[in-house]
Structure formats: C-alpha cells, structure tokens
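**Student:** With the hints as your guide, set chain B onto chain A.
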Amino acid sequence: MAEIKANISGTVWKILVQPGDVVEAGQEVAILESMKMEIPVTSDYGGTVVEVLRGEGEFVQEDETLIRVEP
Amino acid sequence: MALCKLLIANRGEIARRIIRTCRALDIRTVAVYSEADKDAPHVREADEAVCLGPPPVAQSYLNIEAVIRAAKATGAEAVHPGYGFLSENAAFAERCEHEGLVFIGPPADVIRAMGSKIEARRRMAEAGVPIVPGTEAPVESLEEALDKAATIGYPVMLKASVGGGGIGMSRVDSEAELRKVFQSSRDRAQNFFGDGTLLLEKWIDGARHIEVQVAADAYGNVVHLFERECSIQRRHQKIIEESPSPDLADALRTRLCQAAVQGARAIGYRNLGTMEFIFDPEGHFYFLEMNTRLQVEHPVTEMITGLDLVAWQIRIAAGEPLPLAQEDIVRRGAAIECRIYAEDPVRFLPSPGTITSLAWPKEARVDAGVEAGTAVTPFYDPLIAKLITHGASREEAVERMTRALRDTAIEGIKTNLPLLTEVMEHPAFRKGRYDTHFLPKMIAAKT
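Heads up: the sequence lines are chains A and B, in that order.
For the first sequence, counting from 1, position 46 maps to 46 in this note's numbering; every step adds exactly one.
For the second sequence, counting from 1, position 159 maps to 159 in this note's numbering; every step adds exactly one.
Warning: the hint list may mix true and false statements.
To be verified - Among the chain A residues that face chain B by a calculated CB cut under 8 Å, a handful are:
{"id": "1", "residue": "8"}
{"id": "2", "residue": "10"}
{"id": "3", "residue": "34"}
{"id": "4", "residue": "36"}
Don't read these hints as lab results, they were simulated from the structure.
Backbone N, C-alpha and C define an ideal beta-carbon position, used for all residues, glycine too.
So that you can see chain A by itself, here it is in the shape it has in the complex (with noise of 0.2 Å):
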C-alpha cells in the first residue's frame, strides 16, 4: 500500500479523488491551503485510491498521510 502525504502543514482546500478512482503518477488529488497559498498535492504512484483519510476543511500536518493508493 502506497501513501500519499502532505507536502506542507495546512488546511484540506479540495479532496479530489476518492475510493475506486485509478490515479496516475503525477497526477493532482487534493489541494491544500497555508499562508492563503493553494498548494497542489500529487501522487507520486499509479494505482486504485483504496483510502481517503482526511476531509475538506480539516487541519493536515507536514508528512500526514492523506491518501491510501494500491499500486
């Protein structure tokens, strides 16, 4: 199982996947908030979204696991 985290500390702005959806490397799946900047998050793996742990709105850490992916 692969893990996508967040890049920076902030506020979830957009979740853009979710369960069952195939992702590709490098695509875009959800959209942070720090600092009043929108910060892309991608996947660094291809694969089916089996897990999306945090929602829209909620506050992320640094290196908090966001999404499960199943390469």
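**Tutor:** Below, chain B alone, put in the same frame as chain A:
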C-alpha cells in the same frame, strides 16, 4: 474629537506599526489575537489584548462579532483594520459606525463600490479616468465569457470582481484555455471571497504596476503622495516596491497623480487610499483597482515624504482636515521596500516553523511581525517583515538595501532573502528597467 483608545483588528507587523503611531499620538491600544498568536509581539506591545478565538481566520480575525465585542468590552472608541482581513469589508465598517465606533478608513459605501472591480471600473470611467478595455458587467456564464473574450481579443485576464492577491485571476490565451479555467476561477473566487463574480480585461503585455497614494478629508480636500512602483511581483503578489518609479517621465507622473486625485474626488473618497494603475510599454496608463485601506508598502511613501501615514489616517477619521496642502507635500530622495516572506526560495512553498534566531540590519527601517522565538503558523499570510531603505538617490537606496539584506539573518524557517538579494544585484533592476515579467523571467532563467 480626540481619540483616547483604539482597537487594532489585525496582527503581525501592521498591528505593531499602528501601535507605534498610537504611542506617539498618546492613544491607548487594544490588540486582538487568535489562540495561535497568543505569544505574538503585537499582543504584548499593546496596552490591552483580547483573544478572539481559535486560529482559523473565520473564527478569529474575520469574526466581526468577536472584534466588535472586544472593542465594546475594552471601551475602545475607534477601530483600525490594518490591511487584509476586515479592512475592505463594507459590512464591518457599517457595523462599527452602527456601534458608535470610529472606523479608521473610508465610508462603507465607498468601500463597497471599490470592492467590486466591476463597479470601480464603471465609476472611474465616469470620472474620466482611463480603464483597461474589458467587460462592463459581470460575466455570468462560460458562453458569455467566450463571446466577450473574442470581442476583446486574446490574451485576456480573467479576474474575480471581489477580492485580491491574485487569487481567482489568470491570463487566458485561447478559447480552449478559457473553457478549462472558467469554472475553477469561479470556484476559487467563491471559496476565498464568498463571491464568484468574474470579469474579463484585455491582457497588457510587458505591463508595469504603478500605484498612487491619495489622501482625502471630509472637507473636500484631496491630495496625492506620489507614486509607488510595484512591478516586482510573483503570481500577482508584490515583493519589492519603490518610489519614485525609476522609469517614469515627470510629465507622465504628473498626469498619473492628477488622474488618481480626480478619481478619488469623483467617488467621494475619504481617508487614505491607493489607486492602482497598469502601464503599457507605450506609457499609456489604465486604472486597475482602488485599495481603500493602508497599503503594505506604505512605508516607501513615508520615507520619501517624511510623513506618518497612520497618523494621517487617524486624524482624518477623527474629523480633522488634511494636515498638508498639495504644494506642501515634498518628495525627497528614493526609497525601496523588500517584503520578507516565510517561504522556500527554490520551491516557493510556504515555510511555517519557529524562528530560532534573528538579526536585523542597522541601516534599514524594519517593520517586523516576528522576533526570535515567534512561531510562524500556516494559518496566516507568509509576510513576516519588511525592510525599507532610503537614499538621496535610487542608487544609494539600492546599495543600502543590498547591505541590509546581507545583514539580515533569520534562522529556523526558510525565507525569500536570497531571492531579494538576487533582484538587488540584477543589472536590469539596477538600471531601473523592469516590468511585471521581470521576476518570473529571473526565476525561470535559473532553472
């Protein structure tokens, strides 16, 4: 009317800046803060401080009820909104008035009119101030946008009518691109500003951003305090500002400043405000928007005029006439401001964290919101400090800034200091020949 106690509805460097002037005017200050800012310098430096709530802005610095409650509880007579947050919120200005609090800023109806780029464009066109060719009414649908963009001619700028900071704003080069970005721009505007209204303007290539500081009182007096050149930007965010604009003929400067005064007068402006203009490479200028508040870069104007703009704001709001007539406002030398952001200078990602050590330069004015030990949190703007230098000439101001940047050391977080130094040393910047493409080009040349 002399004010005795003022609440500052803001944080960081601007809250501290306002406290400084209040001390000089013998006005007591009330700071407000979120739980994330409980140890921030502005909280300690004010005479009193009130916690507004949890860190997110909606529950703290944008919470009108909490701010009004704090003002009432402490017996403040006036509210200074600073910049950002509630500073351009007409409902807040109205609420202050309703509660018998003096709002340090223009009347609510002027804030409302200028807060809508569409309405501001209409009012300025009526006043005879040139505006960028574009749409006169909100663009309601993608079909309408495609139609209007075809008439204006690509490339076009797609913009949120309400809001700022470059959010919901994009250059669009083709019909296909407009189809792609229309909805997401609308969503961003809705998400950040609570209003998804969009407009289109002609894209001006090789443009410069030059703004004019104006001041107006309740007795019909309107003056300008010269221009500020703001073309060193990245993603529509200003990084470096200077005055005078290094490449502006005197006759053109005079016309620009006159247009700003004319616009401010026509809308019944009161207090300090900034008229932003865009210059095309041929030297034609067009009104972009008006900021109805104190500007981040106001120190540049203070350095060249020797005036305290926050004191002007407070005096005007208290009902006093403008302290000086136009002919008494004199410009001396040149001034530059560099904004220090908590961000990775290579990846341009925000860099929250705790500042472990800090050294400021002796040769510059430092307006900082932080000190050693301050936690820079992800909740607010990444601006942590501003350095401002002045010189008899632009060359002297630039030399001083170069040294000031070298003498600044911030540990514990990443900052854009290396980028600022690079700009100061860049030959085109040294010559004063630059436009809004300068910084993106300089960054692209490195990678």
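**Student:** Could you run down the list of hints and mark each one as holding or not?
**Tutor:** Going through the hints against the structure:
1. Residue-level restraint check for residue 8 of chain A holds (minimum Cβ-Cβ distance to chain B is 6 Å; threshold 8 Å).
2. Taking 8 Å as the C-beta cut-off, the interface hint given for residue 10 of chain A holds, the closest approach to chain B being about 5 Å.
3. The closest approach between the C-beta of residue 34 of chain A and any C-beta of chain B is roughly 4 Å, which is under the 8 Å cut-off, so the hint is satisfied.
4. The restraint placing residue 36 of chain A at the interface with chain B holds, with a minimum CB-CB distance near 5 Å, inside the 8 Å limit.
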